[in-house]
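Colleague: Under the UniProt record's numbering, the first residue of the sequence shown carries the number 1, and numbering increases by one thereafter.
If you're looking for bench data, these hints aren't it; they were derived computationally from the structure. Note that the structure is predicted; figures quoted are calculated from it, not measured. For every residue, glycine included, the Cβ atom is placed at its ideal position computed from N, Cα and C. Careful: at least some of the hints might be erroneous.
[What the hints assert, rightly or not] Pair by pair, the computed Cβ-Cβ distance ranges are:
(1) 435 to 178: 42 to 52 Å
(2) 46 to 391: 51 to 61 Å
(3) 178 to 505: 46 to 56 Å
(4) 178 to 413: 47 to 57 Å
(5) 46 to 67: 43 to 53 Å
(6) 435 to 263: 29 to 39 Å
(7) 47 to 179: 44 to 54 Å
(8) 121 to 48: 26 to 36 Å
(9) 144 to 182: 37 to 47 Å
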Amino acid sequence: MAELKQLHGLMITSSVIRHIIPVSKLIDFCVDPKAGDFHYARSVFNQIALPSVYIWNSMIRGYTNSDTPVEALIMYRKMLQTGFSPDNFTFPFVLKTCSVTGDRDCGRSVHNYIVKTGFESDVYASTALLHMYACCGDMEVGLQVFDDIPKWNVVAWTSLISGLVNNNRESEAIKAFSDMESWGVQPNEITMVNVLVACARTRDIETGKWVHNCLARLGHDPFMSSNKFNIILATAVVDMYAKCGSLETARNLFNEMPQRNLVVWNSLISAYNLHGRAEESVNLFVDMQIAGFVPDQASFLGVIGACASLGVSALGQCLHAYILKTSMSKDLAVGTSLVDMYAKTGDLESARKIFEILRKKDIKAWTSMILGLALHGQGAEALGTFKSMQEDATVVPDHITYVGVLVACSHVGLVDEGWRHFNEMRDVYHIVPNQDHYGCMVDLLSRAGRFEEAMRLVEEMPFKPNITIWGAILNGCEIHENVNLAEKIRAQITELKPQGSGVYVLLSNIYARAGRWQEVKLARELM
Numbered sequence: 001m002a003e004l005k006q007l008h009g010l011m012i013t014s015s016v017i018r019h020i021i022p023v024s025k026l027i028d029f030c031v032d033p034k035a036g037d038f039h040y041a042r043s044v045f046n047q048i049a050l051p052s053v054y055i056w057n058s059m060i061r062g063y064t065n066s067d068t069p070v071e072a073l074i075m076y077r078k079m080l081q082t083g084f085s086p087d088n089f090t091f092p093f094v095l096k097t098c099s100v101t102g103d104r105d106c107g108r109s110v111h112n113y114i115v116k117t118g119f120e121s122d123v124y125a126s127t128a129l130l131h132m133y134a135c136c137g138d139m140e141v142g143l144q145v146f147d148d149i150p151k152w153n154v155v156a157w158t159s160l161i162s163g164l165v166n167n168n169r170e171s172e173a174i175k176a177f178s179d180m181e182s183w184g185v186q187p188n189e190i191t192m193v194n195v196l197v198a199c200a201r202t203r204d205i206e207t208g209k210w211v212h213n214c215l216a217r218l219g220h221d222p223f224m225s226s227n228k229f230n231i232i233l234a235t236a237v238v239d240m241y242a243k244c245g246s247l248e249t250a251r252n253l254f255n256e257m258p259q260r261n262l263v264v265w266n267s268l269i270s271a272y273n274l275h276g277r278a279e280e281s282v283n284l285f286v287d288m289q290i291a292g293f294v295p296d297q298a299s300f301l302g303v304i305g306a307c308a309s310l311g312v313s314a315l316g317q318c319l320h321a322y323i324l325k326t327s328m329s330k331d332l333a334v335g336t337s338l339v340d341m342y343a344k345t346g347d348l349e350s351a352r353k354i355f356e357i358l359r360k361k362d363i364k365a366w367t368s369m370i371l372g373l374a375l376h377g378q379g380a381e382a383l384g385t386f387k388s389m390q391e392d393a394t395v396v397p398d399h400i401t402y403v404g405v406l407v408a409c410s411h412v413g414l415v416d417e418g419w420r421h422f423n424e425m426r427d428v429y430h431i432v433p434n435q436d437h438y439g440c441m442v443d444l445l446s447r448a449g450r451f452e453e454a455m456r457l458v459e460e461m462p463f464k465p466n467i468t469i470w471g472a473i474l475n476g477c478e479i480h481e482n483v484n485l486a487e488k489i490r491a492q493i494t495e496l497k498p499q500g501s502g503v504y505v506l507l508s509n510i511y512a513r514a515g516r517w518q519e520v521k522l523a524r525e526l527m
């Protein structure tokens, strides 16, 4: 920068400063995000009597890519106020700033100006508008903008697909990719990454394989030695296979990668646990550190989840001790995950300690504590914790929270309170009960011997009862020795053909208590 300032001085003394082209180059260097100086750039800009549109664009672009992007909007407004007319290169920079700052109102204002000045048919301006609306969560307007683009090039298609993925409309993103192929537009690597993300989220392995084949056909497959290795694309491929449950393929491709990043390690750690291979998840976490990678939040969340799945409290304690030595010890998400892990492994004392020191308790933290207490027989404390949560106006219970609450009511035998919470969930928080909620209520009513209410609730359910719900009623039948109802339910159970033997054990016990040994024999034969 010192040399640039010397050059600036020389330009002043030699009168070159009056010429627009060298001044434009000077501004370009000054706004470079890596080596520039924005204060100096602004000083140079203020000395220019009549800056060209190119210079205005340079200043706006520089601020857009800086730590103070809002300054780009200020420059844009100043440009309009001083009578300068933006061109088709101005709008993408300004709209990018709106995207970064989430300023949808400003974006709409720019959109109106684009229409007013006749730039809506410009592909650069239109694509930037699409990206802005997608980033601001207004995808419907973004789709209208896309439809109005006169010629859909790869940038427009990629912006559309990326916007759909970022707005959790993955199926539409996959459909758009298929349409893109039909229109004869060849996707680039950024397009492919976004489609692979969509396939991973929807667990669409067949489409994922098709996209992987497209990579090979178009010469983008990062695992082919003839192609330049793209670690971002390779990570997306591995992540897609991993999330879709094709762990062997994911691991084989992972092993082929000439270089790896933390993201791909985290992807596999999480996927192994997600698909019931928690021990391998923990082993990968260790291997990752041996390879020289420092765990981040995602790493710890993945391995903490694996420890919770394994149900080994000692392993979780070792991991917790390690976390305390890192910067992640104060991370809210990691702390919440530790609460969940200890609660699931039955170490309620440790769960309570971490829960109490969390600087901010979100719904996940409260729910983990409530559910952990409820599932380990501490129903009264779980309900007390839920009451404390309701006193925090910033936290709203979700469907999982109410599973914990209803389990707690069932274990304590509070039928009326269970009904109150069940109705509150629907009427106050507008949560549609699922089979877990109905199952909890049926269990609560059956444990209390209120079989008529339980059966009426089963009949009112908007779906067919599963084996868990029939098992809950059978459990109540065993407690209250209701052989007649158990007899009626047996036909329903036989029709479902359950895989486990739990319900048949309950049936056998019920018949045994009634001295009906022939039925006991039949029930045991079905196990």
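Colleague: Each hint needs a verdict: does it hold in this structure or not?
Modeller: Hints, one by one, checked against the model:
At roughly 34 Å, the beta carbons of residue 435 and residue 178 sit outside the given window of 42 to 52 Å. In this structure the supplied range 51 to 61 Å holds for residue 46 paired with residue 391, their Cβ-Cβ distance being about 55 Å. A C-beta distance of roughly 50 Å is found between residue 178 and residue 505, which places it inside the suggested range of 46 to 56 Å. Residue 178 and residue 413 have their C-beta atoms about 55 Å apart, which keeps the hinted 47 to 57 Å range intact.
In this structure the hint that residue 46 and residue 67 lie 43 to 53 Å apart at CB is violated, the actual value being about 21 Å. With their beta carbons about 35 Å apart, residue 435 and residue 263 fall inside the hinted range of 29 to 39 Å. For residue 47 and residue 179, the Cβ-Cβ distance of about 51 Å falls inside the hinted range of 44 to 54 Å, so the restraint holds. For the hinted restraint 26 to 36 Å between residue 121 and residue 48, the CB-CB distance of approximately 32 Å keeps it satisfied.
Distance hint check: the CB atoms of residue 144 and residue 182 are about 21 Å apart, inconsistent with the given range 37 to 47 Å.
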